[in-house]
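Undergrad: So this note's numbering is basically just the index in the sequence shown, starting at one, shifted up by 1.
Think of the hints as simulated: they come from the structure by calculation, not from any bench.
One thing to keep in mind: the hints can contain errors.
Stated by the list, open to error - Computed list of lysine-lysine pairs in DSS-like fashion (alpha-carbon distance at most 30 Å, straight line): (1) K348 x K254; (2) K112 x K13; (3) K255 x K429; (4) K471 x K429; (5) K48 x K130; (6) K643 x K588; (7) K507 x K588; (8) K112 x K155; (9) K588 x K471; (10) K184 x K155; (11) K507 x K584; (12) K398 x K334; (13) K398 x K348; (14) K184 x K112; (15) K94 x K112; (16) K155 x K194; (17) K661 x K687; (18) K184 x K200; (19) K334 x K254; (20) K661 x K584; (21) K471 x K507.
Stated by the list, open to error - Distance windows between CB atoms, simulated: (22) A47 x G345: 52 to 60 Å; (23) K687 x R494: 37 to 45 Å; (24) S498 x A472: 37 to 45 Å.
Here a beta-carbon is modelled for each residue, glycine too, at the ideal position from N, C-alpha and C.
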Amino acid sequence: MSAQVSLFAEFKPGAPRPFRAVYQGIEYPGEILVTETWRPELGEIAKDIHFRIVVLTRHRQVPSIADRRIALCLPARALKEEREVYRTGRKAKELLREQAGIYAAGQVCTKGRLPIDAREVFSAPDNEKRFRLIAFTLLSNAYPRLPIDTSALKKTLSPGDVAKLFDGFFGRGDNPEAIDALKNFAVALGLAKPGDPLKFDPENCPLFPIIAERLEGQGGSLPILPLYRELGSSYGLTWPLITLYLLCFVRHKKPAVELRLKPDYVFFLRSGKAPPEASLTADLIPQIWWQSGLEEAFDRLCYRGEPSWSELLPYACLICQELKPAANLEEVKRQEALLLRRLGELKKTIAQIQGDIDLLSQRLGEPPQSVLGTLGRLSRIAQSNDRLHFYALVQEKYASPEALGEDISLCWPLSQLSEVAVEILAVKSYLESVALRESERELDMDRVSILEQLRLDNLLPSLHLWASVKALFDWFKSRYRAIYLAHHHDYHRDVASLRLVLDDSKLEIDALWRLNSIAELGEPVGEELIGQYDQLLAKLSLCPIIDTGEVSVDEQPTCSHCGLLLTADPPQREVKRFLHELKQALKEQHRRLSSEAIGRILAQSGERRIDQFIKVVQTSQLSSLVNVLDDELVDFLRRLLKEAHIEIKWRPTLSEFAEKFPSLEESEIDTAAAEFARVLRKAFAKAKREHPGKRVRLSFEE
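Use the sequences and the hints to build the structure in full.
TA: Here it is in structure tokens:
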């Protein structure tokens, strides 16, 4: 019954209970112990305990306390006297108040007699607040100044956060909690520079000089346990923090050191293998599984000696798979020769890959930075002079053998790039040259999709998929071929028909040319049609390949003989417009020949052939006119009209008059007549200037 109402009922007598307190942004582990008797070992702290609060339930003389982080709560008198009072029926709350009063009247003893007022402590409403008050006083006295910038901590640093920090620096980089830990703590701990908390950069870490000094002071072989005790008790670092700093110190390699493991400790890396030579070197730090109690595996910190062949082997065998463990120096030399030979081959391979990428980038865009980074790192280690140089370079460039393996796994497929580079460019050129009609939307979507995959930033990281991309292209081309061959057949069939029509209009073109050559008939009509005729004939050229089955689009998307595009249509509208304009031009010349003035001149010739020509003109049949015109007849007509000294001009004189008088009132007749006379005189004057010595007649015939 009495235990249920005891001031410390939640504590098991004689058994330490873990308790955590926060000081300067760091969560410190400690313990609370309620006991009847004092034991000498309670006055010292050995492991990762940063404070101990001992509560005695019996009044005793103040014992000897060796550690400044220990506090002893002594009651003014024994609590058992109060149990008798409880049996008389007093209430539990009153009893608890009286027990708190007994401790308030007692003492809180520490090494150095820290000013902890028992009355202030036990006036707090519960044990949580009482012990936090004592713990804070102990910690602030033991660690007045911590070696880290605690003001830069963005939240309370717990042991779990230390594990996340290690994962953030040396894990895969995809853990959001680890990334948050880096942002919150890395700069404050001196493991990253301000402005870039995600990058491991401990150049100015305040703990590294301390560790380096202790290592030098021990002659290059520093026992681990004393180091933990010193950094914990004197510098206020929790053991997880010390482990983090120690591993980062090894990783930083300034100086080059190694953590040697205890001989009897079983230690495995992420790969499931034990560390070579039972030591942790800089390259192995990212391969460690973080766990509590890692310090139990560490024996001593030592300067790094020359790496053994077994340490190189995890990296070297990724370059040359024939490599194996070596038992003696002679065998190491043989293995080294194999490695250097393979590195020489790697150097040539990388140069070839870079040349292929330079060629492809002109057409396929810039390569991804990840690929350039891979080639840059591999190119660097390919410069190795010997095995030690190789090991130094891989440690500089790679956090682990797995990281090197990832680069190698990307590089070897890229070595096949030269075999497919020409093919890739050919596919690119083919697809870019393809012209598709609106009706081939689905085919065009496939074309665009394949082109997207031909960008270097898509192609290089997955070059092994080129065969599937090529298969998609072949499927595209097979469908395109069927459409193109049908179009090739239909196009040239229609062109052949149009060409026949143009061939039939050759007489009309010749007739127009002959009539335009007779200056006495007036200005030429449709002169541009003669040039257009030749241009249309050129457009209507036929492919020499008659059999569609002989047309090939395997190397290029158009016929190699005619270059026909799939989007090309026969110029039917152009031919139709040309024939219409040709007919109108001939009609105009026919109208001129049919005029009264020309008719009288021709009738006066007395030539039988001219009489027949006049009859043809009077029939108004253009085909008949075209058929009778030849060079001899045209020369005769030209000479006949020239000798008559008549120049007939058809000028738009009425249009100028109509612009000024679009409508006419009766009262405007005289004014309009005067204007009409002015327009006519102007037209006659212009015609005479252009044709001096000839009579001019203006015709308004339609």
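Undergrad: Each hint: holds or not?
TA: The hints, checked one at a time:
1. Using a Cα cut-off of 30 Å, the hinted pair K348 and K254 holds, with the two alpha carbons roughly 28 Å apart.
2. About 26 Å separates the Cα atoms of K112 and K13, which keeps this hinted pair within 30 Å; it holds.
3. Distance restraint check for K255 and K429: the Cα-Cα separation of roughly 51 Å exceeds the 30 Å cut-off, and the hinted pair is therefore not satisfied.
4. At most 30 Å may separate the alpha-carbon atoms for a hinted pair to count; K471 and K429 meet this at roughly 11 Å.
5. Using a Cα cut-off of 30 Å, the hinted pair K48 and K130 holds, with the two alpha carbons roughly 25 Å apart.
6. A threshold of 30 Å between alpha carbons decides the hint, and for K643 with K588 the separation of about 22 Å falls inside it, so the pair holds.
7. Distance check on the hinted pair: K507 and K588 sit about 16 Å apart at the alpha-carbon level, within 30 Å; holds.
8. With a CA separation close to 33 Å, the supplied pair K112 and K155 exceeds the 30 Å bound.
9. Simply put, K588 and K471 have alpha-carbon atoms about 61 Å apart, too far for the 30 Å limit, and the pair is violated.
10. In summary, the hint linking K184 to K155 is supported, as the alpha carbons are separated by about 8 Å, within the 30 Å threshold.
11. With a C-alpha separation of about 12 Å, the suggested pair K507 and K584 falls inside the 30 Å cut-off, and the hint holds.
12. Restraint check for K398 and K334: the C-alpha separation of about 24 Å stays at or below 30 Å, so the hint holds.
13. Between K398 and K348 the CA atoms are separated by roughly 16 Å; this keeps the pair inside 30 Å, and the hint holds.
14. About 39 Å separates the Cα atoms of K184 and K112, which puts this hinted pair outside 30 Å; it is violated.
15. Between K94 and K112 the alpha-carbon distance is near 33 Å, which puts this suggested pair outside the 30 Å criterion.
16. Distance hint between K155 and K194 is fulfilled; the C-alpha atoms sit about 15 Å from each other, no more than 30 Å.
17. Restraint check: the Cα-Cα separation between K661 and K687 comes to about 20 Å, which is no more than 30 Å; the hinted pair holds.
18. The straight-line distance between the Cα atoms of K184 and K200 is roughly 10 Å, inside the 30 Å bound, and the hint therefore holds.
19. For the hint pairing K334 with K254, the CA-to-CA distance comes to about 27 Å; that is within 30 Å, so the pair holds.
20. For a cut-off of 30 Å, the pair hint linking K661 to K584 is broken: about 33 Å separates their Cα positions.
21. Our distance criterion of 30 Å between C-alpha atoms is broken by K471 and K507, whose separation comes to about 51 Å.
22. For the pair A47 and G345, the beta carbons lie near 56 Å from each other, so the given range of 52 to 60 Å is met.
23. With their beta carbons about 52 Å apart, K687 and R494 fall outside the hinted range of 37 to 45 Å.
24. For the hinted restraint 37 to 45 Å between S498 and A472, the CB-CB distance of approximately 40 Å keeps it satisfied.
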